[in-house]
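K.L.:
For reference, the chains in residue letters:
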Amino acid sequence: MNAPILLQPDETFILNVGPQHPATHGVLRVKMEMSGEYIVNAETVIGYIHRMHEKMGELKTYPQFLMNLSRMDYLGALGYSHCHVLVVEKASGIVVPERAEYIRAIMVELNRIASHLFWFGAFVMDLGGFSPLMYALQDREHILDMLEAVTGSRLTYCYFRFGGLYNDIDDDFIAAARRFIPRMRKSLKKYKALVTGNIIFRKRLEGIAPLTPEMCRKYGASSAVARGSGINFDVRRNEPYSVYPEFDFDIPVYHECDSLARYMVRMDEIEQSLRIVEQGLDKLPGGPIMPDKKPKIIKPPAGDYYQAVETARGSFGVRLVSDGGKNPYRLKLRSPTYSNMHLFDEACRGMMIMDALAFMGSLDLVIPEIDR
Amino acid sequence: MRLTLINVVIAVVAAIAFAALNAAYLVWAERRGAARIQRRPGPNINGPFGLLQPPLDGIKLMAKQLTIPGGADKAMFIAAPILAMFPAIMSFVTIPFSDTIVAKNMNVGILMIFAFASMGGMSLVFAGWSSRNKYAMMSSVRAVSQAVAYEIPMLITTITVVMITGSMDLMEIVRQQSGSILHWNIFPVLGNSHNLLMPFSFLIFFTCTLAETNRAPFDLGEAESELVAGFHTEYGSMGFGLFFMGEYANIVVGSCLTTILFLGGWNCPFGLFPGVWWFILKLYLLIGTFIWIRWTFPRTTIYGLLNLSWKILIPLSLFNLLFTAGLLKVF
Amino acid sequence: MICDKTKQALQSLFPKATPEPAESSPAIPSSEAQEKKAKAPAPRQDGVVERDYAVHGYHLDAQVSPDQLLEAVSILDEAAFFIESITGVDWIKENQLEVVYDFSRYDFDTCRVVIRTRLDRNNPVVPTITGIYAGANWHERETHDFFGIKFEGHPHLIPLLLPEDADFHPLLKDFKA
Amino acid sequence: MVAYFTEIFNGLLSLFIGMGITFKEFFKPTVTVAYPYETLTMCARYRGHIELVPDEEGNPKCVVCGLCEKACPSDCISLAGEKPEGGKKKELTKYNLDFTRCSLCGSCVESCSFGAIDFSKEYNLASTRKEDFIFNLLQRLEEKKK
Amino acid sequence: MTLALYNNLATYLVIGALLFGIGIYGIVTRRTLIGMLIAAELILAGSSINFMAFNRFTAPDPVTGQVFALFIMAVAAAEAAIGLSIIIAVYRQFKSIDTEDAVQLKG
Amino acid sequence: MNPSTIASPALFSVDGLVGVVFLIMVAITLIGGLIACNSDRLVRSVAGLIVCFVGVAGIYYFLNSPFVAMMQILIYVGAVAVTISFAIMLAAPEEKKKIGITGPLAGPLGFGTAALLAGGFAVLALQTDWPVQAKINDGSVKQIGIQLLTDYSMVFELVSIVLLIAILGALVIARDGREGQ
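Protein chains in written order, with our numbering: chain A, 1 to 372; chain B, 1 to 331; chain C, 1 to 177; chain D, 1 to 146; chain E, 1 to 107; chain F, 1 to 181.
Fair warning: there could be bad hints in the mix.
[What the hints assert, rightly or not] Estimated spans, in silico, between C-beta atoms of each pair:
1. D:R101 - B:K74: 42 to 52 Å
2. D:E143 - B:F49: 40 to 50 Å
3. A:E33 - D:L125: 18 to 28 Å
4. A:K190 - B:P269: 31 to 41 Å
[Stated by the list, open to error] Computed list of lysine-lysine pairs in DSS-like fashion (alpha-carbon distance at most 25 Å, straight line):
5. A:K293 - A:K326
6. D:K70 - A:K55
7. D:K70 - D:K130
8. B:K311 - A:K203
9. D:K70 - A:K326
10. C:K173 - A:K55
11. A:K186 - A:K283
12. A:K186 - D:K28
13. B:K134 - F:K142
Quick caveat, the hints were computed from the structure, so don't treat them as lab data.
Each residue gets a CB set at the ideal place from its N, CA and C atoms; glycine is no exception.
When you get a sec, could you build the whole thing from the sequences and use the hints?
P.N.:
This is how it looks when you write it as C-alpha cells:
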C-alpha cells in the first residue's frame, strides 16, 4: 500500500465482481465502485444461495434437521453439527457419554484442519500460486479418508446425534490419525518454506487491510479475523464447552492486524488442532457412545437457549427458542463468516482491487455459510 | 540480395511453424510439468503421454466460433491477436540457432528483437481496449505500465553485455563466448571481461524476461483471481489461441535471447562439439525454469512489480552498467 | 464481574421497577419457570433478568421497550461488548414480534447479554442500532427480510438474503410458501 | 543500504527455497487415481443410497412399519404394503426412493429396527434424466435375486 | 519501372512529402490534443524520411542523415513525454482534452 | 539516377519481389498515416500510427540503415505509442465523443493546405535534379557511433539534457495536477 491513493470520485466506474468471478469462491457478488485500480466503495451482495435453513428448522423435527447443519458449511461441517447437538442436549438435559465427547472433539479438530488446509490452498490460489492448493488437498485427503471411514461421507457429515454419535471409531481410525499427525507436521514445515517464507507472498500480505480491534468488535468478527487483530478470543477458551477444558492448547494471537496475521493465525491453528487430536487420542476413554437413557422423542422444554462453538470459521451460535414441541419454535443460526464478510465493505475502501481480493481470501469465506 | 530474400521467406515460414509447434507442445509441457510438480499425471489420455492433446486442442479452438462482443471495436479486436503473434515471429528471423541455422543475421540483431518485442505490449493494450470489458481494460493498463517498467532494466542489462562484446550482432556475441562455460557471459572468467557481476546481470535479465513475457509471477495482465482473464477475457476460438501461441512464442524468444546473451548460445559447457543441440538444450532448460517458476510462486502485486523494477532492478542494472564500463576502461 | 456491572447499568433503564422484584415478577419468576414463558398468557414485563448460564447459555436477559433500545445498546457498547447477532421471533399468539439482540465479549470475563424488545405485530418498527454498531447493518436487513420488521433510520434497508423484489417474510408463522 | 541488500538477498533466498521444494515434489510419485480407469473401493461405512436387505430367501426383510418414511427429513421414501390373504405379516408391495431429494443423512437406516434397509456402495451415479434417480428398490431387489 | 522505385531518391522524397501532408491535414482537422500530437509525429516522420533519403543518395558523409534521424527521434520522444503530461494536466483541469473546451488557457 | 534510366525488373525476379515488398511498405506507411489522422477513435489513431511507423522503419531498411529502422520501431512503437495510449486511457474515458473538424470549412481548408504543401514538395522533389553520390553507406552502427561521439558530441549531450529535462518536466506537470485534486 505504498502507492498514493488516487481518489477521484467523479471518475469512478462500477465493477461487478461476481457472482461468477474466480476470486469470490462461490456465488458472492461485490459491487465495487472503482477509481482506476482503487476501490472507492464496495457493496457486498449476498443471498444467491440462500436456502432458508432457519425456516426448515422450524418445519422439521430436531433429528430431521441434523443434516442441514452440515450443508451450511461444506468445509467444516462437523463444527456446525456440534453446536446444534450441544444446544439441543443442553435444552433437553441429555448427558453425553465422555467417550462420545472426546470423539466429537477429535473429529471436529480434524475437520478444522481439513477446512484450514482447503482455505490455505484456496487463499494461495487467490494470490496466484496454484501448487500449494494441490499439496493442501493431498493432506486434506488423508483427513477426509479417515472421516469417511468413520462417518460414511466425505464432506457433509451427519455424524453427531443427540446424546452421542452415529457410530464408534475403531482402531484403524486411531492408527490412521496417529500416522497423520507427524505427516501433517512435516507438511506444515513444507508450507512454511514454500509459502509463508516466500517474499512475494509476504509482500502481498504485509500491512494489507489492517483491521483494528475496535472495528472487529463493532462487526462482531471472530476466528482468525479477530485473532489476527490482537483479540484473544476463541469460544473454546472463553466459554469452554464439550471436553475442551481437558486439552492443553494455545490460542494463536497476532497483533499486526493485517492479512498476514490472519494467515499466520490459521496456520498456527492447524498445529494447535493437531495437539488437541493427539491429546484426545491419548486420553480417549472407553465406554458407550450413546447415553443409556435418552428420550425417545426430543422435546426440549420451552424457553430459549444459546450455544456458541468455535468452528473453523469462527464463533458459530445457535439460538433455540422452544415451545416444548417436537419442532423448534425458532432456530437462529449465527454464522461467523456473515459477520466477518460484513467487514469487507468498510475495510476495502481505498484499497487496490488485488489487495482487496487478497483480503477477501484472508477472511476465509464459505458462501453457503453466509447465505444459510 | 538474392539469397537473403529466399532465406527470409523460408525463415518466416519456418519461424511460424517453429512458433506454432513450440506453442502447442509447450502447453503440453507446461501442463505435464505442472502436474508433476503437483503430483498429478497431467494430460495422459490422448496419445502416448497425452502427446496428441495439443493438436486436438488446436482443432477444438479452430472449430469454435469467433465471437465478438457487442460494442467491441471489431477491426482492432481481430487485429490484436495477430499483433500478439507478429513480433515473436519477426524476432525468430534474426535468432541464430547455430553457426549456420539463422535466417537473416543482422548486425543489429539485438535491437531488432527488442524493437519487435516492444510491439508485443501494444497488442495487449489493443485487445484490452477493443473488448469493451472493464476487466480487459484494467488489464491493458497494467500491461502498459509493466512493459514500460521492465523494458528499461532489460535494455540496460543488454547494453552491459553489448559493451563487453562490442557488438550487437547475435552471432558475434555467441562467437565471443565460444569455449568452456568459463567463457560465457554469465561467468566471464576467461572471456574478454572479468566482470564478477555478470551472474547478477543474468538474474536481472531473466527477471525482466519473465515480466516482459507476462509470465508468473508477473502475469498481472491476466491475473485470473482479479481480472478473470485480463485482456483476453472476451476472446474465444483462435483469437484466444493466437494470444496463447503468442505468449509461448514470446517465451521462446526470451529464452533464446537469454541463451545467446548469457549462456553461450550453441557452445558446449565443456568446450566440445558446439552445435544446435546445445542451443536447444539450453533453450528448453530455460523454458523449463519458466514453467517451474510459474507453478511455484504466487503472483506479485502491481505496485510490488513496479517497485521491483524502479527501486531494485533499475538501480542495480545501472550500477552494473557503470561497473562494467569502469572495468572495460581499466582492462 | 462485568456481568454485575452491566446488570446495574441496564437496570438503571427501568426506574420504576426495583431490581429484585423485576426478576420475581409474576410473568418470569425465575429461570426455573422459564418453560412456562411461551404458554404464559401475559407477555413478559420489561426488565433485566439474570439467567443460569449452564442452562440457557447466556447470563443477562434484558427486555426493553423499543425507545429504550438505543440506550441499552449504548451501555453495552461502552462496556466493550461485541455484537453477535440480531434476530426476531414471531410470537403470533400474542400478536407480537420480538427482536433479539445478542451481545458477547472478547475478553475472558465472559458475559453474554440478550436484549429483546417486543413490537406490535401489525406495525413492527424499531430504531436501528447501526449508528452504534456498524455491524448491525446486515443483521437488521436480514431481520427485515425474514420478519418485515422496520428498522427506523437504517441506511440501506433492502432485501439482503431474499431476492431484490421479495415482498414476503418467510419466518413469520403465518407465512405459507 | 544494508537493509536494502539484505532484503533483496533474503527475498531471493526464499524464492530459491520455494523452487527447491517444488523441484523435490516433481520427482515424487503421483497421488491421484485416474478415475474412470481405476476406481477406489468404498469403505465399509460408505453411505450411498439405500437398498433393501433381503432375508435368506431373497425377500425383503421389511415389515412395512413406515418408520423410515417418517424419519426421512426430505420425504424421499414412499412405501406401501398389504396383508396377503391368510398371511400374518404385511408384505412390501412398493418401496420407492426419490434419490434426487435424498441428502444421505442415514436417518432411515438408523430408524429401522429390523435391519431391513442398508446403504449401497454405489457412488458413480450419473444420468441426464431426473427420472433415473427415482429408484424402485423392490424391483432392484428382485433383479438382484435373479 | 514501378518495381525499381526503391532505388530512386525522388520516391522517398515524395513519400516524405505525403506523410508531411497527412500530418498537416491531421493537425488542422484534429480537435483533441492527443490527435494533434499524433499528427505532429507524422510530420516528424516525414521529415526524417527526407533526411534518411538524402543521406542514402546524396550526402557526402554517409551517416549524417542517420544521426539527424536519431536526433529527431530523441526530440519526438521528449515531445511526446512533455506533450502528454501537459495533456494530462489539461485533462485534470478541464476534464476534457478537447481544444474547444480548453479555451480558458488563452487567459 | 534518373528514373527513366533504370529498367524495371521482372515481377518474379528477386529484385522484383524486393520492389513489391517496398511498395507494400510504402502502402502501409501511407495507410497507417491516413488511419492515424482520420479515425474517429483515438486508440485507432494510435494503431494507425504504429502501422505507419512500422512502414517507415521498413523504408529506412530499404535506405540501408537497419539501425535507424530498429530504433524507429523501438522508440516510436515501444515508447511514444505506448505513452500516447497510456494518456488516452488516463484522459479519455468517453471515447464515443465526436472528434470531428472544428468548423465547416476546416476540413476542406485543411485538406487544401495539406494537398498544396505535399504536392509542392513532391513536385519540387521530382523536378530537381539531385546530385548523386556514388558512395553508399554500409549501414554500420560503428560509423554512427563514431560520428555521434565526435562531430555531433555536443548535440548528443544536448539531446540527453533535453531528454532529462523532458522527463523531469513531464513528471512535474503530471504530479502538479495530481496534488491539485
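K.L.:
Compare the structure with each hint and give your call.
P.N.:
Against the structure, the hints:
1. D:R101 - B:K74: 42 to 52 Å: For K74 of chain B against R101 of chain D, whose Cβ atoms are near 49 Å apart, the range 42 to 52 Å holds.
2. D:E143 - B:F49: 40 to 50 Å: holds, 42 Å
3. A:E33 - D:L125: 18 to 28 Å: Violated - the Cβ-Cβ distance for E33 of chain A and L125 of chain D, about 46 Å, lies outside 18 to 28 Å.
4. A:K190 - B:P269: 31 to 41 Å: About 33 Å separates the Cβ atoms of K190 of chain A and P269 of chain B, which means 31 to 41 Å holds.
5. A:K293 - A:K326: holds, 18 Å
6. D:K70 - A:K55: Given pair K70 of chain D, K55 of chain A holds - Cα atoms ~19 Å apart, limit 25 Å.
7. D:K70 - D:K130: Status holds; Cα separation ~24 Å.
8. B:K311 - A:K203: holds, 15 Å
9. D:K70 - A:K326: Distance ~13 Å between K70 of chain D and K326 of chain A Cα, so the pair holds.
10. C:K173 - A:K55: holds, 10 Å
11. A:K186 - A:K283: holds, 24 Å
12. A:K186 - D:K28: holds, 15 Å
13. B:K134 - F:K142: violated, 48 Å
Comparing the model with each numbered hint stated earlier shows that hints 3 and 13 do not hold.
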